[in-house]
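Q: Note that the protein sequences, when read in sequence, are chains A and B. The number in our numbering is simply the position in the first sequence, starting from 1, with 1022 added. The number in our numbering is simply the position in the second sequence, starting from 1, with 1022 added.
Keep in mind that the hints are not guaranteed to be accurate.
Said to hold, decoys possible - Dumping the calculated DSSO-like pairs for lysine-lysine here, alpha-carbon to alpha-carbon at most 27 Å:
| hint | chain 1 | residue 1 | chain 2 | residue 2 |
| --- | --- | --- | --- | --- |
| 1 | A | Lys1197 | B | Lys1039 |
| 2 | B | Lys1197 | A | Lys1132 |
| 3 | B | Lys1212 | A | Lys1029 |
| 4 | A | Lys1111 | A | Lys1203 |
| 5 | A | Lys1029 | B | Lys1084 |
| 6 | B | Lys1039 | B | Lys1192 |
| 7 | A | Lys1084 | B | Lys1203 |
| 8 | A | Lys1197 | A | Lys1111 |
| 9 | A | Lys1197 | B | Lys1029 |
| 10 | B | Lys1039 | B | Lys1029 |
| 11 | A | Lys1203 | B | Lys1111 |
| 12 | A | Lys1203 | A | Lys1216 |
| 13 | B | Lys1039 | A | Lys1029 |
| 14 | A | Lys1145 | B | Lys1190 |
| 15 | A | Lys1084 | B | Lys1115 |
| 16 | A | Lys1174 | A | Lys1203 |
| 17 | B | Lys1029 | A | Lys1190 |
| 18 | B | Lys1145 | A | Lys1084 |
| 19 | B | Lys1197 | A | Lys1039 |
| 20 | A | Lys1039 | B | Lys1174 |
| 21 | A | Lys1115 | A | Lys1146 |
| 22 | A | Lys1192 | B | Lys1029 |
| 23 | A | Lys1190 | A | Lys1203 |
| 24 | A | Lys1197 | B | Lys1132 |
| 25 | B | Lys1084 | A | Lys1132 |
| 26 | B | Lys1203 | A | Lys1039 |
| 27 | B | Lys1029 | A | Lys1212 |
| 28 | A | Lys1203 | A | Lys1145 |
| 29 | A | Lys1029 | B | Lys1197 |
| 30 | B | Lys1132 | B | Lys1111 |
| 31 | A | Lys1029 | B | Lys1029 |
| 32 | A | Lys1203 | B | Lys1029 |
| 33 | B | Lys1132 | A | Lys1084 |
| 34 | B | Lys1039 | A | Lys1039 |
| 35 | B | Lys1039 | A | Lys1174 |
| 36 | A | Lys1029 | B | Lys1203 |
| 37 | B | Lys1111 | B | Lys1212 |
Simulated from the structure, these hints should not be mistaken for lab results.
There are 2 protein chains.
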Amino acid sequence: MDERFRKQIDFIIEIDKIKSIFRKSKLFDNSRFENDAEHSWHLAIMAILLSEYSNEPVDLLKVMKMVLIHDIVEIDAGDTIIYSRDNTKTDDKEILAANRIFGLLPEDQKQEMIGIWQEFEEKKSPEAKFAGAIDRLEPIMQNYYTEAYAWKTNNIPAEKILSVNNSKIKNGSDKLWDYAKSLIDECVDKGLIK
Amino acid sequence: MDERFRKQIDFIIEIDKIKSIFRKSKLFDNSRFENDAEHSWHLAIMAILLSEYSNEPVDLLKVMKMVLIHDIVEIDAGDTIIYSRDNTKTDDKEILAANRIFGLLPEDQKQEMIGIWQEFEEKKSPEAKFAGAIDRLEPIMQNYYTEAYAWKTNNIPAEKILSVNNSKIKNGSDKLWDYAKSLIDECVDKGLIK
Chain A
1023 MDERFRKQID FIIEIDKIKS IFRKSKLFDN SRFENDAEHS WHLAIMAILL SEYSNEPVDL
1083 LKVMKMVLIH DIVEIDAGDT IIYSRDNTKT DDKEILAANR IFGLLPEDQK QEMIGIWQEF
1143 EEKKSPEAKF AGAIDRLEPI MQNYYTEAYA WKTNNIPAEK ILSVNNSKIK NGSDKLWDYA
1203 KSLIDECVDK GLIK
Chain B
1023 MDERFRKQID FIIEIDKIKS IFRKSKLFDN SRFENDAEHS WHLAIMAILL SEYSNEPVDL
1083 LKVMKMVLIH DIVEIDAGDT IIYSRDNTKT DDKEILAANR IFGLLPEDQK QEMIGIWQEF
1143 EEKKSPEAKF AGAIDRLEPI MQNYYTEAYA WKTNNIPAEK ILSVNNSKIK NGSDKLWDYA
1203 KSLIDECVDK GLIK
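Okay, chain A solo, but in the shape it has when bound:
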């Protein structure tokens, strides 16, 4: 086996570990926690179906690559609920993880993947803003359908849910933010969160 192919296969095997990184939110049927591979798969389908609602035109292929790889760093850095972290900058542990894991790939693919991941983290390009919006929308939908499970369990007040997600989703899609806000508001109306 040539070196380039060996590196690609090594990476493909390494990222299997993402299937054992569990998130704080549950499947829509409330049966168990969702893992990062399932979450990333769901976002890619959402990107295909909902990109018409992006505030700015996007390159769909790039959005899909972003959402498919965005959580690979959690193999080393773990999953953290967005409400407990500084969302203005990328965690140092995640930068180290990106270098180690994407570093398994041949140089050209390593550079492409790290570039896409950094672009996603920076949330400046239309693709990164839209990818960020659907990354935030999915757990809001999951909370809505599981009686606010992750929000209640982690004691997140509605005010914080609104403030942390507002700009991130709205920057990518006004339409998706209107929807997300309506779900959060309904959870408040039902007395599930304060």
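Starting from the structure of chain A, add chain B where the hints point.
A: Just chain B now, with coordinates in the frame of chain A:
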């Protein structure tokens, strides 16, 4: 909420069920069976990294859409190991499932998704042949790394593994078939399969 958006959201929630459809092969660390969402996620990453080995040039975006949605029909039709089915035609249960599940979408997206799924099933276009190749490659890699778990458990002889996968993988990628064949051969040499 307008009707178009409501249909898109209904579909996005419905397909969450794919996360509870478990396959016959295990994760690379042998800890548990893989589900269809995780499998589809892994194939999409493999498509990004390995499309340079397709026998014919492919539209990567289309390959990714194919592998991300190809197993959605299993929500209704269930997962069947390829060695126990007629791989020359699509199961009627799967056609009914495609119509029901993709039928939740707005008409234009329903048509696009059913079209992509049918194209994948027919294995005639370069994209379908390559998507089919990686769909077959992943479980061969998983078997190789889990001491031939699914092959042994389901009593699949090497001859059948080779004949069922040979044309399907080779039609999409000679390079990937050479690799797949080397893994199967090694399992025979180790005495894991006959």
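Q: Looking back at the numbered hints, which does the structure fail to meet, lowest number first?
A: 6, 7, 11, 13, 14, 15, 31, 37
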